[in-house]
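So the protein lines, in turn, are chains A and B.
Just so we're aligned, residue 78 is where the first sequence starts under our numbering, counting upward by one.
Just so we're aligned, residue 436 is where the second sequence starts under our numbering, counting upward by one.
The hints are simulated quantities; they were obtained by calculation from the structure and are not laboratory data.
Just so it is clear, CB atoms sit at the ideal spot from N, CA and C, and this is done for glycine as well.
The reader is advised that the hints may include incorrect statements.
Said to hold, decoys possible - Label pairs and their calculated CB-CB ranges:
| id | chain 1 | residue 1 | chain 2 | residue 2 | range |
| --- | --- | --- | --- | --- | --- |
| 1 | A | N120 | B | T1031 | 38 to 44 Å |
| 2 | B | D1156 | A | H155 | 27 to 33 Å |
| 3 | A | D168 | B | E928 | 26 to 32 Å |
| 4 | B | R916 | A | H155 | 22 to 28 Å |
| 5 | A | D168 | B | F907 | 23 to 29 Å |
| 6 | A | H155 | B | A1266 | 37 to 43 Å |
| 7 | B | E496 | A | R162 | 42 to 48 Å |
| 8 | B | A1224 | A | L93 | 48 to 54 Å |
| 9 | B | I1030 | A | V182 | 49 to 55 Å |
| 10 | B | R916 | A | D168 | 19 to 25 Å |
| 11 | B | G937 | A | I147 | 16 to 22 Å |
| 12 | A | N120 | B | G1207 | 45 to 51 Å |
| 13 | B | F907 | A | H155 | 23 to 29 Å |
Said to hold, decoys possible - Once the Cα atoms are required to be at most 27 Å apart in a straight line, the calculated DSSO-like pairs of lysine-lysine come out as:
| id | chain 1 | residue 1 | chain 2 | residue 2 |
| --- | --- | --- | --- | --- |
| 14 | B | K1236 | B | K1106 |
| 15 | B | K1236 | A | K156 |
| 16 | A | K156 | B | K1106 |
| 17 | B | K1029 | B | K1106 |
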Amino acid sequence: MSTTTGSGVWTTVCPLDAVDVEGGVAALVEGAAVAIFRTHDGNVYAISNYDPCCRASVLARGIVGTRGEIPVVASPMHKQAFDLRTGQCLDDAAVRVTTYDVRVVDQQVQVGRPREPVEGT
Amino acid sequence: MSPHLRKRLVVVGHGMVGHRFVQAAVERGLTETHDVVVVGEEPRPAYDRVALTSFFEVGAEALSLLPEGAYDDPRVELRLGTAVEGFDPETRTVLLSDGEVLTYDDLVLATGAAPFVPPVPGHDLPGCFVYRTIEDLEAIRAAAAGASTGVVVGGGLLGLEAAKALADLGLETSVVEMAPRLMAVQVDDAGGATLRRHVEGLGLIVHTEARTTAVVERDGRAAGLSLDGRDDVAADLIVFSAGIRPRDGLARAAGLDLAERGGVLVDERCRTSDPHVWAVGECAAPAGRMYGLVAPGYAMAEVVVDALLGGPGEFTGADLSTKLKLMGVDVASFGDAFATTQGALELVYADAVAGVYKKLVVSADGTRLLGGVLVGDASAYGVLRPMVASGIALPDNPEELILPVGRGGGADLALPDDAQVCSCNDVTKQQVTDAVAGGGCDSPACVQACTRAGSTCGSCKPVVKRIVEEWFEAQGRVVDRSLCEHFPLTRQELFDVVAVHGHTTFDQVVAAHGTGRGCDVCKPTIASILASQLDRHVLEPATRTLQDTNDAYLANIQRNGTYSVVPRIPGGEVTPEGLIVIGEVARDFGLYTKITGGQRIDLFGARMEELPAIWRRLVDAGFESGHAYGKSLRTVKSCVGSTWCRYGVQDSVQLAIDLELRYRGLRSPHKLKGGVSGCARECAEARGKDFGVIATERGWNLYVGGNGGATPVHARLLAGDLDTPTLVRYLDRFLMYYVRTADRLQRTAPWVDSLDGGLDRVRAVVVDDVLGLGGELEAAMARHVEGYADEWRATLDDPDKLRRFVSFVNAPDVPDPHISFREERDQQVPAEVAGPVVLGTTIPVGAPR
């Protein structure tokens, strides 16, 4: 499922309509758990599925919404909000999760490289 | 202090004031030095005599001020059903009716008052009653069963209460009052006339300026009243309620000084003519005057506790202001209601059509409020009464204080800090503010708990609420009741707008009433509201992204991202075959197994992708969702009941099963738990539940508003001795009323407290149906019951709902590598995994099962 195009490797993970609007799915990309979200305005975001606050791989199961203008997901465990664009935790400045390149090609969601080094490896 | 140095305090009388005295003694530490023995003549502990009339609706237990039957403090001994025969100030001894002699260091008389029965011929015939104790009311109820007419002698506050009770018992009821108007002590002629129209509108017959000369006798029983210069009033049953007299006989026999008009004469410390004997409440006469209200009695109780602790407290008179709801009519009287002050002026607003009469008495120069009378609408009482006490200057146009809102009225006045807000418990505005500012209270309910303001008659609750809100506003901390940043509405308001507009999706709701795209607060709330109104499966496309993860996967998320599974076991009853299936499922999927507090079984450690296979097995065996994951009904716990138990009087298991099946799946503001006990031993701990049912020999008692957890609360009696259909009807109404009006994550106990009027309000809506909502609430519940379907069975039958139950959308068979287990006490439990895990050949991932 991985193809090399342009800037790097893209993994096609699922059709776009497998992701509910304002919902999320977890995907396995290069061995890492990635949470993919689709927001109401049609954007698609990918961040690490691992919630460092509770040390469980659950973020794809959070509720998607907004805080002010920021698109966020709230961790299903203890409700910390994460900025879908940057991975920054809005409730704890010291916490940030990895974000991934993501795009939609022919109605298929493709996840690319992590935008920062994967934490903890 | 060593035991032999401890002193003994004997309290004679366990009425409201005696009880308050003991409470104050415990709270203020008097029991550190004193053992307290309370001797009560009635067979039960103190009860709320102010609300005596509600006995017929709610039973004795709901009125009790000490439902546990004993004080928490072991140094207080309560002896009930025991009278005091006399006491001897010389030897400091008390003689009890059972022959025992108690010595005392100090003696507190709280013997209360007795009804005054005019000594007319025939006053003691069978069929004549008084209206003072629960036993009196039981006798009246028994007599009313064979009667068709009743008459009450006395048109005062208590007389009208008694008349209401007789009318409610189905008797054609007359009131005979000697004075020219009803409630002559509290209201003036015009107020009395307004009240009379209300009372007559309820079908009662009123005779004023009517003096009773004799009780008519027929066949050795009372058959009516003879009135001076009028026709006889025929009645099968006569209740005398013509005032009260202090019970000062013990003090008289002991040689203590009495007041000229009765009552034990006491000084401003409430000390009698013997330095070791004190008197409080209706039996006492500070400065020669007796007070027939509970608030002055409470104040006297506090003064005596203070005196025994060496404090400076004094009783120097009391505010005799009164506000009550009589037969559904507000009546209030405060300050100088009869304009007896020199030069006092009266301002009157009257609306005979609406049955409203309001009068203000103001000083000659029009600057100060002296008193007033309110009939039909006493909403201004909470503001007006403290204005009298504090002497605050009147506004330029004082008539606004009594004009209806919208006709120039509704004026708002800031109270001074020393204004007494709660007259029952003597709480000032300053104390309310202190509770918020320094005491950490963040709500009127908390202030009530901390200061007692509003906890007795409740009339000051709106003012307490306003003071709390004003304080927060003054701090720039608006009491923001918005659900979250996306909706400037409370949950109740949101519930109403969704119902009114018929919204069916979050998009519609947020477009019409909100901003942004929602969050983890408003989305589950709206999902719950939609579920209550539409009975739609929670995982339908329109609502599934609104659900919290527990509802989204129909299971309870645990610390490592796995879920727990709880099949419904209604009433805790399960067959051996059922147990075996649960055991086999747990074994085959390696699930940690534990019995819950709700009499069912919780299976832990299920990976999300395993949930459908687990539930397929359970559903095939006849189990259904237990909704352990939802803000919804959890369980209805039961004891084994009359089927097996030698004490049981009703089949509690059957009722628990019926109730659990009736309310299963009901989405609510918070989780809901129920319990049913088959007898008064209460083995199901039903009073620790949101709704608890306890069997009686005549039916069921229904309790509401209990919970365990961090702030345990005992449920309180809503209605007693119900047959099963009535019980279910009341429960339908109660639960739907809660679902519609509670705040998000507000359990039933704080919800009940948050309503103006508290439990009485709930009873008015649920039992008396004052809002006329009963039918609608029952219909809503009927729709829920009709529309119920097992969420797990429906999910298993729908591929679109099932497709979400995968570990990875692109690798559905690969288990999440972050989840690993270790063994503890022969079962698997979560193992800590540090940091993100990347799948690779060197990392153990646990084979898919």
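Fill in: Those earlier numbered hints the structure runs against, lowest number first
When the structure is compared with the hints, numbers 2, 6, 7, 8, 11 turn out to be violated.
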